[in-house]
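Number of protein chains: 2
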Amino acid sequence: MDSKQTVTVALDATGGDLVNPLSVAKAIRFALVLNPDLRIKVYGSQKINVALASEKIDAKRYDFILAPESIPQDEEPRKVIESYSQCAMRKVIEAVSNHEADVAVSSGGTGPLVTLSRHILGVLDNLRPALCAKIPSGPGKYALMLDLGANAQSKSADLYSFAKLGHCAYKVLFNSSSPRVSVLNVGTERNKGSALVKEARDLIEKDRLLNCLGFVEANQLFTGETDVIVTDGFTGNVALKAAEGVASIFLNAQGMKKFFSKLARPDWLIPWQYNGSLLLGVDGLVVKSHASAGQEAIAVALVQSYNMAKLHIVESIKNELKIS
Amino acid sequence: MDSKQTVTVALDATGGDLVNPLSVAKAIRFALVLNPDLRIKVYGSQKINVALASEKIDAKRYDFILAPESIPQDEEPRKVIESYSQCAMRKVIEAVSNHEADVAVSSGGTGPLVTLSRHILGVLDNLRPALCAKIPSGPGKYALMLDLGANAQSKSADLYSFAKLGHCAYKVLFNSSSPRVSVLNVGTERNKGSALVKEARDLIEKDRLLNCLGFVEANQLFTGETDVIVTDGFTGNVALKAAEGVASIFLNAQGMKKFFSKLARPDWLIPWQYNGSLLLGVDGLVVKSHASAGQEAIAVALVQSYNMAKLHIVESIKNELKIS
Numbered sequence: 242m243d244s245k246q247t248v249t250v251a252l253d254a255t256g257g258d259l260v261n262p263l264s265v266a267k268a269i270r271f272a273l274v275l276n277p278d279l280r281i282k283v284y285g286s287q288k289i290n291v292a293l294a295s296e297k298i299d300a301k302r303y304d305f306i307l308a309p310e311s312i313p314q315d316e317e318p319r320k321v322i323e324s325y326s327q328c329a330m331r332k333v334i335e336a337v338s339n340h341e342a343d344v345a346v347s348s349g350g351t352g353p354l355v356t357l358s359r360h361i362l363g364v365l366d367n368l369r370p371a372l373c374a375k376i377p378s379g380p381g382k383y384a385l386m387l388d389l390g391a392n393a394q395s396k397s398a399d400l401y402s403f404a405k406l407g408h409c410a411y412k413v414l415f416n417s418s419s420p421r422v423s424v425l426n427v428g429t430e431r432n433k434g435s436a437l438v439k440e441a442r443d444l445i446e447k448d449r450l451l452n453c454l455g456f457v458e459a460n461q462l463f464t465g466e467t468d469v470i471v472t473d474g475f476t477g478n479v480a481l482k483a484a485e486g487v488a489s490i491f492l493n494a495q496g497m498k499k500f501f502s503k504l505a506r507p508d509w510l511i512p513w514q515y516n517g518s519l520l521l522g523v524d525g526l527v528v529k530s531h532a533s534a535g536q537e538a539i540a541v542a543l544v545q546s547y548n549m550a551k552l553h554i555v556e557s558i559k560n561e562l563k564i565s
Numbered sequence: 242m243d244s245k246q247t248v249t250v251a252l253d254a255t256g257g258d259l260v261n262p263l264s265v266a267k268a269i270r271f272a273l274v275l276n277p278d279l280r281i282k283v284y285g286s287q288k289i290n291v292a293l294a295s296e297k298i299d300a301k302r303y304d305f306i307l308a309p310e311s312i313p314q315d316e317e318p319r320k321v322i323e324s325y326s327q328c329a330m331r332k333v334i335e336a337v338s339n340h341e342a343d344v345a346v347s348s349g350g351t352g353p354l355v356t357l358s359r360h361i362l363g364v365l366d367n368l369r370p371a372l373c374a375k376i377p378s379g380p381g382k383y384a385l386m387l388d389l390g391a392n393a394q395s396k397s398a399d400l401y402s403f404a405k406l407g408h409c410a411y412k413v414l415f416n417s418s419s420p421r422v423s424v425l426n427v428g429t430e431r432n433k434g435s436a437l438v439k440e441a442r443d444l445i446e447k448d449r450l451l452n453c454l455g456f457v458e459a460n461q462l463f464t465g466e467t468d469v470i471v472t473d474g475f476t477g478n479v480a481l482k483a484a485e486g487v488a489s490i491f492l493n494a495q496g497m498k499k500f501f502s503k504l505a506r507p508d509w510l511i512p513w514q515y516n517g518s519l520l521l522g523v524d525g526l527v528v529k530s531h532a533s534a535g536q537e538a539i540a541v542a543l544v545q546s547y548n549m550a551k552l553h554i555v556e557s558i559k560n561e562l563k564i565s
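So the protein sequences, as listed, match chains A and B. Counting in the numbering used here, the first sequence runs from 242 upward without gaps. Counting in the numbering used here, the second sequence runs from 242 upward without gaps.
Looking at chain A on its own, in the form it has when it is part of the complex:
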């Protein structure tokens, strides 16, 4: 795929707590208008198809594939793999595997998405896959944070995997030669924190290819002090949700829209801009959209997925990892 070629996004439109077919259709229209060389394969229920038609989206720009079945987010991994052969989530990942699509996007359960992606696409270089978010670190500046919940529990070797994956992804996404990598901890002193984070920090420091800054505290996540924030999936998920919760309270405060000027409001902190976490470490491009994503957030996930496909991010990470 070169830069002139069309990017095809395979969208699982069944997932999410609050899927609204009209929001999905409006998001698709928006993403297609922004990117003339984007095509979307939409997998979902007939309601989605009706919504796409009612929004009068150019039929040449999308395919609709009837796949109304979704996977319960707490389904056992073995059942996820053995059953649900016709579900939309499986079909979008298979589309990437079969080169019918460049990227799979789903707002279904994280557990099934990680299980199916690992199973169908395979894992890169024995690394532990992780969900990676682009987070704001100042106006127009970004950091990557991983894991956000692909793994329920992690060992220090897993955190080292996340550091390598985050390092490679940051280099590709932000054209940086030596991204600063830090481990999230309860303090920045070397002796602080759990055995897990200290062992992980030691492993990352020993790797000369990585630029390890040591520890970072959660109140420094959004201040630009580091480029790649490594954490276990439980802590990462909790930290980002706590941040989103506070941002939402400020953004929805009484009178906020009236009193805030464009200059005063830290627009770069609005959570929906950052929808679309990348599943790093599998051999194919998979993006997880927020389960309760609204229309704007779904559009962001589609556009981000398009951009990452254009960057050939998985191929570039494989080159960085020297995987042939």
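These are computed hints drawn from the structure, not numbers from a lab. Treat each hint with caution, since some may be false.
Copies of one chain are not kept apart here, so a pair can be met inside one copy or by any two copies together.
Unchecked claim - In silico DSS-like cross-links for lysine-lysine, where the CA-CA straight-line distance does not exceed 30 Å: (1) LYS433 / LYS320; (2) LYS320 / LYS282; (3) LYS288 / LYS267; (4) LYS297 / LYS412.
Position chain B against the provided structure of chain A, taking the given hints into account.
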């Protein structure tokens, strides 16, 4: 101590990353003005004594005890206990133990503070002590969250301890008959999350004295959905610091003070109002102030400590726990 009696606060004025003697003195003056029946024993360096004099604080309202030594926050527990016999942190806890003070306040390292408090005051009912913060859950509403970092690693039985302590403290602090207790997790579904949180939830649910709501997500910490939030010290510390970080960005945004009306700004989210975490589970009242607390935050910690001493909170928790 009945409500007419004086409350004596023993303040370790040596700790903290950025101790400014004048900020400490101004905070003391403010707390003394607010509470006419408050006395403060100040333990610290001669600089603090000079600052107290320069602020012209009534000498009858405070004692100064020269104790300039502090404990490195990453000192080994055994050395914390065996050495440092003259340090201010040890002296304020001993003052509580000897009934010379009603509450000890320190902004020194959490590790040494927990170690010394457990050693000198003893532990209640074999429970695992935890740092507990009052957090905002809406205008004029509060929740308790624990542990915030008293323990580097926790088992499910420890989280059950935290639930019992939080339940008792909430009843006493907020005069509630049946506080809602929840375990912080990456989702609210019963099958989500780590083995730790699922086992803890099961232990708490089985206890008929506790009103367990199950799991709560980090974006619901400040929305009033629960009263007591139970978590391990690592996750709790990270979640609160992430929240504080975002709140600070919003509160310090360019033009914020100019454009925000009193009505629009969620004043109840300003972090310094919540300075002063309670060390629950030890047989004496110990309050941890934020290491980088400014003048307002130190004053808040002193006033909160005074209020908790007035409530006889440790005695009340012992009554709740049916410890004679």
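These are the hints, each one checked on the structure:
For a Cα distance limit of 30 Å, the shortest separation of LYS433 from LYS320 across copies, 16 Å, qualifies, whereas the shortest one inside one copy, 41 Å, does not. For a Cα distance limit of 30 Å, the shortest separation of LYS320 from LYS282 inside one copy, 26 Å, qualifies, whereas the shortest one across copies, 64 Å, does not. Taking CA atoms no more than 30 Å apart as the test, LYS288 paired with LYS267 passes inside one copy only; the shortest distance there is 14 Å, against 65 Å between copies. Taking the shortest Cα distances, LYS297 and LYS412 never come within 30 Å of each other, neither inside one copy (39 Å) nor across copies (58 Å).
Checked against the numbered hints above, the structure violates only hint 4.
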